[in-house]
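S.K.: Model the placement of chain B with the ligands on the given structure of chain A, informed by the hints.
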Amino acid sequence: MNYKKILQKYRKDRTRLIEILKEIQAREGHISEKAIICVADELGLSRAEVEGVISFYHFLSARPLGKYVVYLNNSITAEMAGREKVALAWEREIGCRFGQTSEDGLVTLLETSCIGMNDQEPAAIINGVVFTSLNPDKVKKLVGWMREGRAAEDMVEETGDGANGHELVRAMVRNNIRKTGPVVFGEYVPGQAIGKALETTPECVIDEVKRANLLGRGGAGFPTGLKWEFCRKEKGEQHFVICNADEGEPGTFKDRVILTERPEMVFEGMAIAGYAVGARLGILYLRHEYTYLRRYLEHVLQKMREQGWLGKNIAGRGFDFDIEIKMGAGAYVCGEESALIESAEGKRGEPRDRPPFPVQKGYLNLPSTVNNVETLATATQIITRGASWFRSMGTPVSAGTKLLSVSGDCERPGIYEVEYGLTVKELLEMVGAKDTLAVQVGGPSGNCISEAGFGRKICFSDLPTGGSIIIFNRGRDLFSVVRNFLDFFIEESCGWCVPCRAGNVLLKKKFEKIASGLGTVQDLKEIEAWGKIIKSMSRCGLGQTSPNPVLTTLASFRELYESRVNKEADFIPEFDLSRAVAEASAITGRKFQEEQDHA
Amino acid sequence: MPDKIKFTVDGKECQAEAGMTIYEAAKANGIYIPVLCHYEGLKPVGSCRICSVRVNGRWMAACTQPVTPGMVIENASPDVEEYRKAIIEMLFVEGNHFCPACEKSGNCELQALAYRYQILVPQFPYLFPKKDIEAFPKFLLEHNRCVQCQRCIRAIQAPDGKKVFAMKHRSGRVRINVDRKLAARLSDEEAQKAMDICPVGAILRKEVGFRIPIGRRKYDRRPIGSEIEEKK
Ligand SMILES: Cc1cc2nc3c(=O)[nH]c(=O)nc-3n(C[C@H](O)[C@H](O)[C@H](O)COP(=O)(O)O)c2cc1C
Ligand code: SF4
Ligand code: SF4
Ligand code: FES
Ligand code: FES
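Residue numbers (the working numbering), protein chains in the order written: chain A, 1 to 599; chain B, 600 to 831.
Everything labelled a hint here was simulated from the structure, so no lab data went into it.
Every residue, glycine too, gets a C-beta built ideally from N, C-alpha and C.
Each hint should be verified, as a subset may be incorrect.
Some chain A residues near chain B, calculated using beta-carbon distances under 8 Å [what the hints assert, rightly or not]:
#1 48
#2 51
#3 491
Just chain A, same shape as in the assembly:
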């Protein structure tokens, strides 16, 4: 294949390395050694560096893959919805294990972290196309089609509601919008907000957003107006607006629905942010899992340009601003803003040290504001309706509404736009949850609460959340939830720093010791202490929250852990010799345990 031609298409731009690699993989199925050498030489990189990038991302592969690549989601909600049966069906039908390619080279089976479809699990991505609500029968049907050579797009029988059915999307994904609210799903006429913003000064725009007390919806809750102000004040030959659409926190899928149903509101928010900070270019960093939305979003951007809401001389007021889409390639840590910037520059998605912050040195080391999808959409509405309208909703600290992505054990999983200050109990009633044991607020990095906490409020000062709400009823085993979350962090650690990279593996080992009944009171103390070490010493937000599955369940469900540990023993070794040789003993007919006891 002519790699040079592809490289020319991307103007041999190093910041577009991931796109280049993706295009090669799309054409050849993987990125061969030959391709790596050519790309490295043409971009002036060493081969080792290109290999470093490929190996960092889940969806890039240097080894040949099958004609069809199945990425089956392994999030906890998929497990709850019968993932194991579906996985077995895949293995049975294809004749190979997950992690392998079938002998005939037709299908590769792989696992992947949460793909943002928690309300319609088990879900998988096959050659870029999303398949939801899978069951063994559907798997059988899909495999039959694969044998016939049908393209993945043509395996979608029925498309979802709203823009999911648009000819440029054609996805079976459902929006499941259960409750609309006045902000993101409120009345909206595209183009109004940007026009209104351009009638005032950038400072006025920032003031309005500050007065509205808009706090970042991506999780950290940083005041948006202040971020824009910091960014505006920084000197640099260019400023950037980056929309964080990486949405990787397991259990979150609200950004997906916003981008499906309200893309103009998000893009308008980016233009408003651009005006506020003095940027001419915005980047939408879209997670790889949402590739199916890309063509549609490009189309929306084009329409907005044609209407004069983007591009040159917006609304006839001399402001130039355009947006380009950059794709992720599969890494949760890339949702962290500095890792996102590294990734957008075509590198491994490893977080940076701060300071300098992105507002000082962001994309291409120039001042950049990184904002969540929902934050930007909300900003658009604030500009149209005003700060006082916005502050009349929610609580004094947490103004406005929040989109919640609800999944797990409830009758109506999906998207809810609610005012801040809603109690967990009220939410549980709203979504039809019964017999609830625990609620995971804010995803694995957030907080697992028990009934004692159901009176608590969803807001920044009590229970903050980027949007993920996962419900577990009394039939669920919380240990398997914790196990799933710990595995997630182990896999998604970027591997840069010791506490996160090694600490989480050790934490999981200790957890398994306790879960299997070999733990003592001392082990409980140690797991708590180790969790604190990882939280304190880790370099970025991933490591700093990764022990939360253990620490927050320990706080809310201590009795569960205590019931598993041996209260009498001071020490039980992790390695249980008699258990390890039980099988061999059975085969040989020798009774290991008793011999030991009598020795």
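M.R.: Below, chain B with the ligands without anything else, positioned relative to chain A:
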């Protein structure tokens, strides 16, 4: 003279120049903050986290964090030292370190830190990972001992600036990846530099070894950190 920044370390009043990191500022005041991934003259990357200090209640890596006026820095609090010890132990169980058989013993910074923190048996279970040894024309890469400090990545580059060493994979699977073509072109001096800069026994020159007998090596004579602490 430019304005000095005032701060305290464990209650001791200190002064330093603006622009220094906490590590450098402490060092200028005769205070040793242990470091492993950091190396004088290379851009800090904050990967080992051994230099973590608590500043006004918040944890920070001293090698990357700039010192600012009024910082109240804890460097010797029992939990700070305890947490650092845990990091060193994590590194031991995450790799396969058999010091008596290692060419770096006595010159190894990880080993020296373990002595400083009086580690006998780590509190963590050994992970016994499967890691390889790779051979290149001028050196060996012993992955079993690599602590992912990235010093080699930062220090050794090809004449045109290309990276000879780079990170590969992620999570616990991260490895140092050597560009074979570029590595073959390294001079003896550059290979020696790579070995010297590696804090542990992961990069080893071929055909030379145990020139200085164990017992008479750097940290056999003076414990790590003493060069800073003795200056006081
Ligand atoms: C490991 C990690 C993952 C993150 N993932 C996301 C994400 O997927 N989307 C997002 O908007 N913010 C994410 N964040 C938060 C971002 O770093 C950043 O705070 C946010 O994008 C800022 O936007 P906001 O102020 O509008 O919330 C993540 C943070 C961490 C530490
Ligand atoms: S690298 Fe250091 S710690 Fe590891 S075996 Fe060698 S001397 Fe011991
Ligand atoms: S090989 Fe040595 S210098 Fe390079 S990262 Fe590993 S321990 Fe550090
Ligand atoms: S590897 Fe990301 S926090 Fe350490
Ligand atoms: S010396 Fe500071 S993080 Fe390693």
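S.K.: Give a verdict on every hint.
M.R.: Evaluation of the provided hints:
Taking 8 Å as the C-beta contact cut-off toward chain B, the hint placing residue 48/A at the interface holds, the least distance being around 4 Å. Interface hint status for residue 51/A: upheld, as the beta-carbon distance to the closest one in chain B is roughly 6 Å, under 8 Å. Interface hint at residue 491/A: satisfied, since its Cβ lies 6 Å from the closest Cβ of chain B, which is below the 8 Å cut-off.
The structure meets every hint from the earlier list without exception.
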